[in-house]
Amino acid sequence: MFKKRRIQLVVLVLMVSLSLPTIVYAVNDSGGLPIQLGVDEYTDELDVVNYEMAAENDINILYADFKKGLFALKNKESNDIWYSTPPDALLDEITVGRDLWSLRSQLDVGYIYNEDLLTAETYKNINSQKGCIENGTINVSRIKNGIIVEYGFSEIGSTIPVTYKLENDYLTASIDTEEIDEGNQAVLINIRLLPAFGAGNWEEEGSILIPDGSGALFDFNNGKDCPAYESPVYGENLEVFKELNSMRREAVRLPVFATIKENKALMGIITSGDGSASIRAMNGNPSRGYNAVSSQVNLRALETVSMFKNQLSNSRKISRVSEMFSGKYEIRYYPLHNNDCNYMDVATKYRDYLIAEKGLKRNSQKPSLAIDIYGSIDKKAAMMGIEYNKQLPLTTFDQAQTIINDLTERGVKNLSVRYLGWDNNGMLNSKIPQKAVPVSSLGGKNNFIAFANSMKDKGFSLYPNVDFMQYRKGSSADAVKTVFNEVVYRNDRLRSVYATRLGMDPIRLLTPQKIVGAANRYLSSYAKLSINSISLDTAGSYSYSNNTLKKDGFHRYYFPAEIEKLMKFYKDKGTSLALSNANAYAIPYAERIYDAPTLCSGYDMFDYEIPFYQLVTHGYVSSTVMPMALSSDRRVNLLKAVESGSELLYGGMYADASQVTGTRFDYLYGTNYQLWIDDAVDAYQRYMPLLDKVYDKAIIRHKELLPDLIMTEFEGGICVIINYNKTEVTFDGRHIDAEGYIVIEEAGN
Amino acid sequence: MKRIWLIAVFVLLTAVLPTTTASAKSISYAPYYGYEYNDYDESTAAPVGYVPFKSYYSRDMGLEVPLDVPTDMLYDGKDFYILDSENERILQLDNNFKLIKAYENFQSEDGGKSIVGAKGFTIDSKGNFYIANTTNNEVFKADRDCRVQKIIVRPDDALANTDAPFSATKVTVDRKDKLYVIVDSVNKGAFTFDSNGNFLNFFGTNPVYKTSEVIMNFLRKRFMTPEQRKGLKPSMPTMFSNFDFDENGFLYTVTASISSTAVPDTVRLLNYQGKNIVPSGTIFGDLEWDRAHYSETMRTSLIDVDVDSSGFVNLLDSGRGRVFQYTPEGNLVAVFGTYSDQLGGFKEPIAIESVDEKVYVLDSKKNSVVCFVPTKYCSDLRNAYTAIKNSDPENSQLAWTNVMKQNTNSQSAYFGIGISLDAQGKYVEAMQKFKLAGAHVEYSKALREYRKIFIGENYLLLIAGVLFLVTVMIFLVRFGKKKFAETHGTAYSVLETKFTFPLYTAIHPSDGFDQFKSRKITSYRMIFGFVIAWFLLKTCQFFYTGFSFNMNRPLDYDFFVTLFFSVGLFILFVSSNWSVCTLLDGKGSLKEIMSVCAYSMLPYLVSILLSTMLSNILTVEEATFISLVTVIGLLWSALLLVIGLQSIHQYSFLKTISSIIMTVIGMFIIVFLIVLFYTLLHQTVNFVRSVMSELSLR
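Chains Z and F supply the protein sequences, listed in that same order. Taking our numbering, the leading residue of the first sequence gets 1, the next gets one more, and so forth. Taking our numbering, the leading residue of the second sequence gets 1, the next gets one more, and so forth.
Source of the hints: derived by calculation from the structure; they are not laboratory data. As the structure is a prediction and not an experimental result, all values here were calculated from the model. For each residue, glycine too, the CB sits at the ideal point set by N, CA and C. One or more hints might be untrue.
To be verified - So the derived label-pair ranges between C-beta atoms look like this: (1) S476(Z) / E86(F): 36 to 42 Å; (2) R147(F) / G223(Z): 32 to 38 Å; (3) K573(Z) / T684(F): 53 to 59 Å; (4) S476(Z) / F564(F): 28 to 34 Å; (5) L673(F) / N114(Z): 49 to 55 Å; (6) E86(F) / N263(Z): 29 to 35 Å; (7) N532(Z) / Y544(F): 34 to 40 Å; (8) P506(Z) / M216(F): 51 to 57 Å; (9) K317(Z) / D68(F): 51 to 57 Å.
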């Protein structure tokens, strides 16, 4: 009896001592004021940070150094403190090069001296530590609920005021471009705001969430020697077309990022100026001691043109910059706290933001099998050597009817169809559509209305696809131009060399100001087709500027607002919308999102890919995965759908798919509907019972149980476990097939 | 008591368990597009063949000292080996790239051996290492205890007439442990050594590449001074960059190409005599290059080769950062990889190895090994090729149909189905598929087989048809002779009327052409008709020549080119002849010249018609018949032309010939003048355009 007690005591002591580090760590981090580590009597005054209370509300406290502008955000309830620059920067012995100073700065500015403007091929950088603090040109003033810090970069003669304010449960950091004093020495190209806010150091454990594609994560200090990550929010600048550009990557669709540490996370949402922002991130490795993610506002575009290209000896390049936009750039930082905080908490918080402020509503669309129908394309034909574009019907309206009937006869109960290439010029506009004219070789207006009515009678959704942005023929008066006023042509590329593919018409983009007008004009004739839903193709995913310095100039900053105008217009007229690969601002307007991102770009820096996009949106909008025929692995594509409760998407045509060989649509190989109808019906039958139960339930938990064995839990308790491994796995007594999944009806795992 | 235990255990678990870092699904993105090449060497969209599966970094391998610019990698059937020469070691890793053993501190009798700068290594059948110690100009053999067994240095006798150092870059051994060494500064072939280290001979010299660059250099050299010539790079054969033995003991060699366009012989398969048995003209690598950005296009540069266990050949292109996988016959199976900071992208790929169908690439700048696995499409494609190799036509047809369903752009799928159908004796269907696949030779073979069957089945009908035709012809000739001999009161026969005159001149040229001057027998309508007929027949020939011979694509038909080469040539010849003969006192008027040229074309036009018709039923081996028809037609027409011109211009025979020669020269001069005028116009327009664009940029 006595011995037993002694043993128990020993064990207890052992366990307490083993858990001591965790407790000590927690103690160090909590309750108290922001601190700075590594300060001793030799530390330079310029490097010492003195925090004072700057603002307070019910939830957070803002501390700031009123000489240097550095601040710390403390959450009252959890006592978590987030520093705008690392508190242990003086202890950093790893970081080398430029990163060393930019990680201690709050601003990192890209600029070009006016005198270099004509020949500059890229911009220079200056950071606030070296450029402002060390020159003593920082001015901090108090305002209600926050501070304004004026960063004076004397070397380039510019002053940038940034406002840091506490509001509700977040901190806003904002820059109003009208308040920026550029001076007359230099022009500003971009500003990286708070590059190291909440950074994780070389010892900490945690991860960084990047909204690349569907979502990506990397663990702190994964040691990979790769360059910093940078990607423009809402996709590449389409007005820049570079030959030989072989980059293939996914786009950033949600302007949200997060640093996740043990029990806490700092989430950033770009709430204003997201159209002209980029996400930046860097990982800890042998030459970089911090892991951080941040955003960058792109003020101007720098474009270069070659003169006298044909005379090699005389050829020279000249550069020019576009106009800066006039508006506010704002990021909100939310400090989150949760035991075992992870990306699901970030997703939930971002979703709450979309519901509260962006009008995201519960999904009312019954789940369906999503189908893309390819209507008609134009193909180059020649009559006795004279080339012309022939309208090639791939699926007439009657044939579409046949496909739908075939599917319903095999037991598919609900379908939603996106009809591509049904009007005007087929799948790629010849001119910007003015009137809705169903292609005559597909059956013309009457057959189209008949098809639309039959879809309505069956209760299926039909979204005819219209593109108001790209066109090939006609005047260039309304086309997007470069800063040198040359029309921007986007060419189809060869897959082997990425050079322009000969024989294909180049595509021009409609200048953004004219998009809403074109869509409005179109609606009047569209409404006569007895259909009240439409697919706006790339309206939700494309983003571009018109850099011309003439009156048509339009900065990408305003692009989201323009698209919102467009979507609001359609919604007010009672037309429901489907979008493709939608950006954040478009998601609340869409009834269905086709081709939502399911993969991330796979940068070396990343360690994992997560369906963050779907974790946020599922239950509030129906989304599909990538078209099955275009995915590189159909089985994985199916699993991705199940993992996120997304609909399956099959793209098909009635004609033999060899018809598209040699055209710019040759990526539609293997899409004749007979080739996939059996698989589609089979997958539908197996998967639909699950989707019926969860289509309007948000995802509340998502984690990896074993390597590549993922669990998703929906509101209401249903779970799915997906096994991406090529071998079967047993977990908790349950057996999951290789590349298979199981559904668990009750919660508790 | 029990409660305290429970609480204690709970505290233990929550406090001591390692704090979890995030953990989620591994990445599965392929940062490149899939493509294949069609019959016209154009790239077409295709499903991605291989996708990146995983990257193994030093950390994943469990290395305390991380990799530092590794230079070579090897798979011996059981384990992987990496030559980490900067760290002076060879690493042995298992199939998951976990470290098994590190071989370092190589010791010879004279002390430690440094392998810094070694670029290649291999393992013989007994497990000994051969290391190409490049910077030390030697190759040495070491056992598994890192004891140097043999050092091979420069064989001075073999390199008597050159100073080239023995900078060995790559080594390999054959089944009999004969050592092959590549020395990049010596281009006589691979050095071979026996197992005692004695030099044997050179194996497999590369031929000289006669690319356009080489030829241009050759021509330029003719105009250079001796000093300038010294500065030129010599057009000598380049040494191949790497090699690998296949299952038959034949050696694949790859050469880093010297130009950005694909050239043959960058990949060779050498038999025991060092002779290349790859079908001649097969080109490996990318077949397209960007003409507009010639100087910027990355050059294909094959630096490593590996033959996998199914016989497929993997080529590593460090110029474009790609891996190409081919069948031994040169059919492209997959292309994958790119230069990027993504999984599946490279920074500096240096070595390639395969384990079954998986491909591993060592990247010396990323210091990692990336593993690629085939997609379902690629696996099906590989199975389809294997089915052909195994001569199993029914399975092969199924396999290829399966491939075609996944990629309707794939011409090789149609080809494969065609071959399978052909092997099963279904020739008509096979011919259809060969047409879609652009396979002219196989189409012709199938046509021959089909013809045999057709004739075999229908020979009675054919004989009857031939007899019928012969009877009709005899009758026509008899009837015609009678008719032609009649003269209805005039001095001329029926044939010698305006609209049948060309028939007469074809058979009685001198008499016929003489009549041009005496009678008004020429007709503008006939001339016009002939020229148009020429144009139409040429067009027919373009489209309707039998597939065995027809390399033309319908879309390539150029109306204006055909017009130029018929109507244009006619006008050119006529005007040139008229000009020349005016100078040479020819008596022929313009209309007479036109008539002569038009009417003498008749045999030629008939020959075009006949040859087009024949090409549809003859095979490639019978091409001579078609040429015969064409030649007869041409010669006959030429004869008529000469006689006709002689007649109307009233020249002597010699003068006619010389006038024709001058006419041809005249044609060139006219063309030259037109081109000159056009170029001048073009330059002016360009000048105006550039001035305007400069103004607009202000």
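Check your understanding: Hint numbers the structure violates, sorted upward?
Key -> As far as the earlier hints go, 1, 6, 7, 8 and 9 are violated by this structure, in ascending order.
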